[in-house]
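Participant: Residue numbers (our numbering), protein chains in the order written: chain E, 1 to 51; chain X, 1001 to 1383.
Simulated from the structure, these hints should not be mistaken for lab results. Remember, it's a predicted structure, so these values are computed and weren't measured experimentally. You may find that some hints are simply not true.
As the list claims (entries may be wrong) - Result set (SDA-like, lysine to any residue): computed pairs, CA atoms no more than 20 Å apart in a straight line: (1) Lys1343/X with Ala42/E; (2) Lys1014/X with Leu1025/X; (3) Lys1343/X with Gly38/E; (4) Lys1367/X with Pro1169/X; (5) Lys1343/X with Ala45/E; (6) Lys1343/X with Val39/E; (7) Lys1173/X with Trp7/E; (8) Lys1343/X with Lys1014/X; (9) Lys1173/X with Gly38/E; (10) Lys1146/X with Ala1106/X; (11) Lys1269/X with Asp1056/X; (12) Lys1343/X with Ile43/E; (13) Lys1343/X with Asp30/E; (14) Lys1343/X with Val41/E; (15) Lys1173/X with Leu4/E; (16) Lys1343/X with Asp26/E; (17) Lys1366/X with Trp1188/X; (18) Lys1367/X with Leu1166/X; (19) Lys1269/X with His1059/X; (20) Lys1014/X with Ala1372/X; (21) Lys1343/X with Val24/E; (22) Lys1367/X with Trp1011/X; (23) Lys1146/X with Ala1325/X.
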Amino acid sequence: MKGLWLWPGIIGLLSAIGLLAGLVSDGFGDAAAWVGLGVPVAITAWFGLRR
Amino acid sequence: MSPTSLRRWSWTHKWSSLVCTVFMLLLCITGLPLIFSHEIDHLTGNEVEMPQLPADTPHVSLDRIVAAAEAHHPDLVPLYLFAGDDEPDLWTVKMDTRVDTDERQARFAYVDARSGDILGEPNFGEGFMSVMYRLHVDLYAGLPGKLFLGAMGILLLVALVSGVVLYAPFMRKLDFGTVRRQRRHTRWLDLHNLIGIVTLVWALVVGFTGVVNTWADLILQAWQRDQVAVLQSGGAQTLLAADSRLAAPADGSLQAALDRVMAAAPGMKADMIAFPGTLRATPEHFAVMLLGDTPLTSRMTRAVLVDRDSGEVLEAAGRPWYVTAFMLSEPLHFGDYGGMPLKILWGLLDLLTILVLGSGLYLWWKKRSANAATQPFASGVRT
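Bound conformation, chain X alone:
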């Protein structure tokens, strides 16, 4: 590597890192408890207590679920129904003043699918984990906060790539894994290089998928526009015609609409239902997100639309590539797809990343004060 390109790469590595380091430290620290949020909620009793009912108690109609939530939050309208991840008898209803708000003030209700009883509200908006979540996701600043953190994530990717380029000249005379312990400076330099290079692929993947996740709102809005455009041009595939009697005809109720979706897509499970007008639906259709039953397809929802009034079930073309990419970005960022051992490894790799960030900051500081000490008159002049 020529001295000029070495200097350019060093400059790139220094400045891309320096600008994002504080935010990356924040993301690593707040991300650590978020890896284990499921377990922490469980331990702190922050989960719903399901009443004991006989196994196989049938579920009440979805319209009763919605009515219970509406009675619980009388001034709000329903936006989404979420199925419980590992609690098949629970619906979480998300509500807000209108269907097209930015959902930052949304309220929730837990409803028992078997009785239609309200089981309380998740306290997403308060407590330690909520603070961790908001600091990690949007710095309490909504979409601009997300996009800002996404930009910091792009700088991290630049820092990682430039760090790899610099690895060669720094390590040329050293065996892999060498940590020179004689001096503090060389020890931290060698540890920075070692940990940085062995955690590289994980950091690139978690960094890149984190950036993609910051675009979630934009991706979903684009998908919605796509779907509406396909519907308006008549290009959607009809899965169940309005006059099909495979399921009971539509009567404007949510349950009838869902029954028609399940008749059109047998073998799948409704994971989320979006009301007409919300971000994930269209103005006239309920959207139902369906999950498959293999490890990969259970991560990749398939969106089906059902006309509230006619009962026609449509699928607006296949899922576009950018939505697939977004859906894959969630597990690859969260590390929640390989059981507890993977979560622990995710936590350890997160701690190692903190060491890389911290040692980088230390090395920059030492170099800076060393330069100042050897060139006392050069301040303000390029050194």
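So that you can see chain E by itself, here it is in the shape it has in the complex:
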């Protein structure tokens, strides 16, 4: 059960940090937003397009 939620939890946390970081700071915060929200897109591409 723990393993089931490990990756979704990490990805969700990164997205949340990214969404807020871009709002409270420019520069570093924007970069954090790109990373935080880039992760779900990259993971979908990795597993979805893998043969």
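Model the placement of chain X on the given structure of chain E, informed by the hints.
Facilitator: What follows is chain X alone, placed relative to chain E:
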């Protein structure tokens, strides 16, 4: 999870999704160009051409700006003046037949802040982007349309939460990221689960803030009532007394009123000015929305009221929590606070959401026809 609760959650997920899916597809498709509306307007030449004038050309009085707009739309009265986002020498004047209309037929005028010349009108009411905007915001039905889309958004949130609950029983025997490609059905089921779970937080935030945005009119009306109530009870904080000579005394003009606001709130920038009687002001006061200069405060306006006749500048208590929530909901829904990379990610996440919606619809359809095929005599009976 017991079979009963699994069945209940499945029922919740199926029906909350089915009811809202068509509208969510519409919102995702129309939202995609809206993410890039600034760039699209720029490319299609839908922006104002600012005349070349020497840098630091002083601005004319705001009353001349308003007079120019009134001459341009002779039968209309001014409602709001908006400062240009990245064009400091531009005012956009919003006008309508009365100050208290629902503003659906409002007209606009662009006015050069340096010369008082009319620079044209934004064509908000026509063209491709306008259609996208209305379909996304109110389905051409005004407040009822907004509230309807808000209700669909609440169903989306229910679908997201029930989807998370169902993720566990479906994924118990599979590693994270598994996509079983042998059969089309399992491939789309696994992709639905994978994309749904990795985009979950973004979808919850964009969905929830979208719902909050549908309440914008109601929130602003409540704020206005609050402010008027505070003013009437004498509870407002005076930032600049009527007899203060920190700025020139009021003479009924807009410019004098704004000068007094800027004297009362140094270091801030006027983002929007609302005329007395409009949704964002009170019957007797101009409201001036001020912006701060940090990334967060530049998103959060501070509303200051100025009495048109006496020149007294007031702030009716702090911004209530529900207005703060509304103001934060705008950037978190639009994705316009982190430059072009964030907009592109917003667009990609929007496309992924379309995949989740589409695969969900496909899975429901396949299951439905499979049930019909295996139980030909069970139609009408609960299966």
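Participant: Look at each hint and say if it fits the structure.
Facilitator: How the hints compare with the structure:
For the suggested pair Lys1343/X and Ala42/E, the alpha carbons sit about 16 Å apart, so the restraint of at most 20 Å is met. Restraint check: the Cα-Cα separation between Lys1014/X and Leu1025/X comes to about 16 Å, which is no more than 20 Å; the hinted pair holds. The straight-line distance between the Cα atoms of Lys1343/X and Gly38/E is roughly 11 Å, inside the 20 Å bound, and the hint therefore holds. For a cut-off of 20 Å, the pair hint linking Lys1367/X to Pro1169/X stands: about 17 Å separates their Cα positions.
For the hint linking Lys1343/X to Ala45/E, the alpha-carbon distance of about 18 Å falls within 20 Å, and the restraint holds. Only pairs whose Cα atoms come within 20 Å are accepted, and Lys1343/X paired with Val39/E is accepted, the gap being roughly 15 Å. Under the criterion of a C-alpha separation no larger than 20 Å, the hint pairing Lys1173/X with Trp7/E is consistent with the structure, at around 15 Å. At roughly 31 Å between alpha-carbon atoms, Lys1343/X and Lys1014/X are farther apart than 20 Å, so this suggested pair is violated.
Under the criterion of a C-alpha separation no larger than 20 Å, the hint pairing Lys1173/X with Gly38/E is inconsistent with the structure, at around 27 Å. Between Lys1146/X and Ala1106/X, the direct Cα distance comes to roughly 18 Å. Compliance with the 20 Å bound is thereby established for this hinted pair. Only pairs whose Cα atoms come within 20 Å are accepted, and Lys1269/X paired with Asp1056/X is accepted, the gap being roughly 17 Å. Taking the CA atoms of Lys1343/X and Ile43/E, the gap is about 18 Å. The hint holds against a cut of 20 Å.
For a cut-off of 20 Å, the pair hint linking Lys1343/X to Asp30/E stands: about 11 Å separates their Cα positions. With a CA separation close to 13 Å, the supplied pair Lys1343/X and Val41/E stays within the 20 Å bound. Between Lys1173/X and Leu4/E the CA atoms are separated by roughly 9 Å; this keeps the pair inside 20 Å, and the hint holds. Proposed proximity of Lys1343/X and Asp26/E is supported: the alpha carbons are some 15 Å apart, at most 20 Å.
With a C-alpha separation of about 11 Å, the suggested pairing of Lys1366/X with Trp1188/X holds against the 20 Å cut-off. With a CA separation close to 16 Å, the supplied pair Lys1367/X and Leu1166/X stays within the 20 Å bound. A hinted pair counts as satisfied when its Cα atoms are at most 20 Å apart, and Lys1269/X with His1059/X qualifies at roughly 15 Å. As the CA atoms of Lys1014/X and Ala1372/X are separated by approximately 17 Å, the hinted pair is consistent with the 20 Å bound.
At most 20 Å may separate the alpha-carbon atoms for a hinted pair to count; Lys1343/X and Val24/E meet this at roughly 17 Å. A hinted pair counts as satisfied when its Cα atoms are at most 20 Å apart, and Lys1367/X with Trp1011/X qualifies at roughly 13 Å. Of the supplied pair hints, the one linking Lys1146/X and Ala1325/X holds, its CA atoms being roughly 18 Å apart against a limit of 20 Å.
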